[in-house]
Amino acid sequence: TMPPLQPARLPGAGKPASQPNILLLMPDQWRWDWDGMHEAKLRVPHIASLQGLGTSFPHGATAPSPLCAPSRACLASLREYDEAGVANNLESDYPVDKHPTYFSALQHAGYHTMVAGKDDLTKKSRLGSVLGRRNFNAKRTYNAEGLGFSDSRRCLGKRDVFHAFPKPGDPYGHWLSSRTINGHNAFDVNAACLNFPGSDPKLCKDRRSHPQGMYQDDWTADQAVELLQAAPTDKPWFLWVSFPGPHDPFDVTGPMAAAVDGLEWPASVDPTRTEKAKASGGYPSSSNTRANYAAEIENLDRLFGVVLDGAKARGHTLAKDLIVCVCSDHGEMLNDHRSMGKSKPWQGSLNVPLVCAGP
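Numbering follows the numbering used here, in which position 129 of the sequence shown is assigned residue number 129; successive positions increment by one, without gaps.
Simulated from the structure, these hints should not be mistaken for laboratory data. Ideal placement from N, C-alpha and C gives every residue a C-beta, glycine not left out. Misleading hints may appear alongside valid ones.
Said to hold, decoys possible - Label-pair restraints from in silico Cβ distances: (1) Ser178 with Thr274: 42 to 52 Å; (2) Asn182 with Arg314: 34 to 44 Å; (3) Ser343 with Gly315: 16 to 26 Å; (4) Ser92 with Asp200: 26 to 36 Å; (5) Thr233 with Ala279: 41 to 51 Å; (6) Ala164 with Pro201: 14 to 24 Å; (7) Gly110 with Ala277: 45 to 55 Å; (8) Gly146 with Ala277: 45 to 55 Å; (9) Lys278 with Arg208: 14 to 24 Å; (10) Val269 with Gly315: 42 to 52 Å; (11) Arg208 with Leu53: 18 to 28 Å.
Build out the structure end to end from the sequences listed, making use of the hints.
Here is the structure:
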């Protein structure tokens, strides 16, 4: 039999930190071959830099489940699907009373653990909203401490934000509801931009109706930077930035739509299905098109840079004391085999990008 692989020190590498800081960047529903290295020619300089500096997997990694909550339960528990305690998206929250988490293990090892965005570990209870919790405060969400987070800024997924519509039911929704867009409540406008049932479509007919600064992925990156700024300096940290995009609906702001105007994207698999290049006019969209999917990924790459700058501002570097990993919970079919979404036993649904870089 072959002996196990042994990690080798790079020539000239300095001594790495014994407890490096760990940054996990995790978009939702990001398929393996839309990472800039394959047929879809995406402009993703931050991903490309990590791929060049670290270890990447050209055919991606296989997710433990092609569904949000079960896959994330596997990550949290370091267990296979059958043992992780979450069978599907709505059967149960993560069983904090049965399985300790990877995050709590890091806490026991001296880490300050943090999460920003949509972690989907309390998906059934909608961050406790269906249990009566009003969820004004992103720092005090249901089960955050039990899951092993020292600090957090949590929210629900794109459409779950509006599960109690017309009232907000999560911290991001409450944040939106305290702001206005074109003279209207920003929560109502965002519901319209996601084409949520019961919303007023007229609210999302303007180029300014989906501001980039209020876009949910941008909000998540801002929360991550705030967490880094507040993190103690006398202990190592772990930060999981769990972006809601590029999960469907593929909602994009006007500038995001305009950024991919006229570009062409690879056809789907079996049967081939092409999309003609078209101009968006710079208007928001929630269409599940390849152009919108690409726009979301390119925006996420920009936000990776925002979070990496937050780590750099604390003095952390990949060469010295910072490990950065990028992956996803599952893929997206993008019309392969005439299917959208995930949950299928196909590569588009099961395989995700994976790259890690650090000392």
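Each hint, compared with the structure:
1. Ser178 with Thr274: 42 to 52 Å: Between Ser178 and Thr274, where Cβ atoms are some 43 Å apart, the hint holds.
2. Asn182 with Arg314: 34 to 44 Å: holds (37 Å)
3. Ser343 with Gly315: 16 to 26 Å: violated (43 Å)
4. Ser92 with Asp200: 26 to 36 Å: holds (35 Å)
5. Thr233 with Ala279: 41 to 51 Å: Taking Cβ atoms as reference, Thr233 and Ala279 lie about 49 Å apart, which means the hint holds.
6. Ala164 with Pro201: 14 to 24 Å: holds (20 Å)
7. Gly110 with Ala277: 45 to 55 Å: Distance hint for Gly110, Ala277 holds at roughly 52 Å.
8. Gly146 with Ala277: 45 to 55 Å: Once the Cβ atoms are compared, 49 Å apart, the range 45 to 55 Å for Ala277 and Gly146 holds.
9. Lys278 with Arg208: 14 to 24 Å: About 21 Å separates the Cβ atoms of Lys278 and Arg208, which means 14 to 24 Å holds.
10. Val269 with Gly315: 42 to 52 Å: With Cβ atoms ~45 Å apart, the hint holds.
11. Arg208 with Leu53: 18 to 28 Å: Between Arg208 and Leu53, where Cβ atoms are some 38 Å apart, the hint is violated.
The structure shown violates the earlier hints numbered 3 and 11.
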